[in-house]
Amino acid sequence: AQSVTQLGSHVSVSEGALVLLRCNYSSSVPPYLFWYVQYPNQGLQLLLKYTTGATLVKGINGFEAEFKKSETSFHLTKPSAHMSDAAEYFCAVSDLTGANSKLTFGKGITLSVRP
Amino acid sequence: EPEVTQTPSHQVTQMGQEVILRCVPISNHLYFYWYRQILGQKVEFLVSFYNNEISEKSEIFDDQFSVERPDGSNFTLKIRSTKLEDSAMYFCASSVVLAGDEQYFGPGTRLTVT
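Going down the list, the protein sequences come from chains A and B. All residue numbers for the first sequence refer to this note's numbering, where the first residue is 1 and numbers rise by one. All residue numbers for the second sequence refer to this note's numbering, where the first residue is 1001 and numbers rise by one.
It cannot be assumed that every hint is accurate.
[Unchecked claim] Just a few of them, taken from the derived set where beta-carbon distance is under 10 Å, the chain B residues facing chain A:
1. Ser1058
2. Asp1062
3. Phe1065
[To be verified] FRET-style restraints, in silico, Cβ to Cβ:
4. B:Gln1011 <-> A:Pro40: 17 to 25 Å
5. A:Ser26 <-> B:Lys1083: 41 to 49 Å
6. A:Leu20 <-> B:Asn1052: 23 to 31 Å
7. A:Leu7 <-> B:Ile1038: 15 to 23 Å
8. A:Ser14 <-> B:Gly1016: 47 to 55 Å
9. A:Thr55 <-> B:Gly1016: 46 to 54 Å
10. A:Ser14 <-> B:Met1089: 29 to 37 Å
11. B:Lys1083 <-> A:Ser9: 43 to 51 Å
12. B:Gln1064 <-> A:Lys68: 20 to 28 Å
13. B:Met1015 <-> A:Val29: 36 to 44 Å
14. B:Asn1028 <-> A:Leu20: 43 to 51 Å
Since the hints were derived computationally from the structure, they do not count as laboratory data. Keep in mind the model is a prediction, meaning the values are calculated, not measured. The C-beta atom is built at its ideal place from N, Cα and C for all residues, glycine as well.
Whole structure, please, built from the sequences with the hints as guidance.
Okay, structure coming up:
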């Protein structure tokens, strides 16, 4: 069975500071990894994904994540936080062992950005 | 830009009542999903649907739940006899292909069972 761990429920950074949101996964097969963002009263929007190939993945809004197989991690980073980045962030994993590529999500992390 | 839509945004129902949550996936997508998120907990997979039949379902998706694609555009989740513990945000999602593809999510329906 797959699982995703996102430690902590809330991260607060100053505007312009580095954003680091941690994600560790457990999967018995090569995973597909995703980061989704949810703004208030909206659905989940894909930030970036890793399927195969380059382990450093760039996404929208200046975010990137690095797949580290040895650490079973897929941490999300952004060099300089912006006020508009305040949202809830979900890490998710999927594979092909089932009939469909269902997503298994972490609990999510709320990012606050201080002026 | 195409988007997944869900109605209603908020549904309040009494325990034991039937509810139908509605979703309109993106028109050229072939795979459809329902997820739910109980307040303060993880987003959990409920069911996936392809070619007019259920492809996979979780332990949560028991006989009280059913899904249907009654026409070419709508995708519905029915809960026959709601329980208090069914109170959650329900998300519909769709994707074009299967492996590693982005699932596009709707804004969710908040179901409150009293």
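Hints and how they fare:
At about 8 Å, the closest approach between the beta carbon of Ser1058 of chain B and any beta carbon in chain A falls short of 10 Å, and the interface hint on this residue holds. Hint status for Asp1062 of chain B relative to chain A: violated, with the closest Cβ pair at about 17 Å, above 10 Å. The closest approach between the C-beta of Phe1065 of chain B and any C-beta of chain A is roughly 15 Å, which is over the 10 Å cut-off, so the hint fails. Between Gln1011 of chain B and Pro40 of chain A the beta carbon distance is about 19 Å. The supplied range of 17 to 25 Å therefore holds.
For the pair Ser26 of chain A and Lys1083 of chain B, the beta carbons lie near 30 Å from each other, so the given range of 41 to 49 Å is not met. In this structure, Leu20 of chain A and Asn1052 of chain B break the distance hint of 23 to 31 Å, their C-beta atoms being roughly 44 Å apart. Distance hint check for Leu7 of chain A and Ile1038 of chain B: the Cβ-Cβ separation is about 20 Å, which falls inside the suggested range of 15 to 23 Å. As the Cβ distance of Ser14 of chain A to Gly1016 of chain B is approximately 50 Å, the hint placing it in 47 to 55 Å holds.
Restraint check, Thr55 of chain A to Gly1016 of chain B: a C-beta distance of roughly 51 Å satisfies the suggested window 46 to 54 Å. In this structure, Ser14 of chain A and Met1089 of chain B meet the distance hint of 29 to 37 Å, their C-beta atoms being roughly 30 Å apart. Between Lys1083 of chain B and Ser9 of chain A the CB atoms are about 26 Å apart, so this pair departs from the stated range of 43 to 51 Å. Our hint of 20 to 28 Å for Gln1064 of chain B and Lys68 of chain A is violated, since their Cβ atoms are close to 41 Å apart.
Separated by about 40 Å at the C-beta atoms, Met1015 of chain B and Val29 of chain A satisfy the suggested range of 36 to 44 Å. Range check, Asn1028 of chain B to Leu20 of chain A: about 37 Å between beta-carbon atoms, so the 43 to 51 Å window is missed.
The structure fails to meet hints 2, 3, 5, 6, 11, 12, 14 from the earlier list, while all remaining hints are met.
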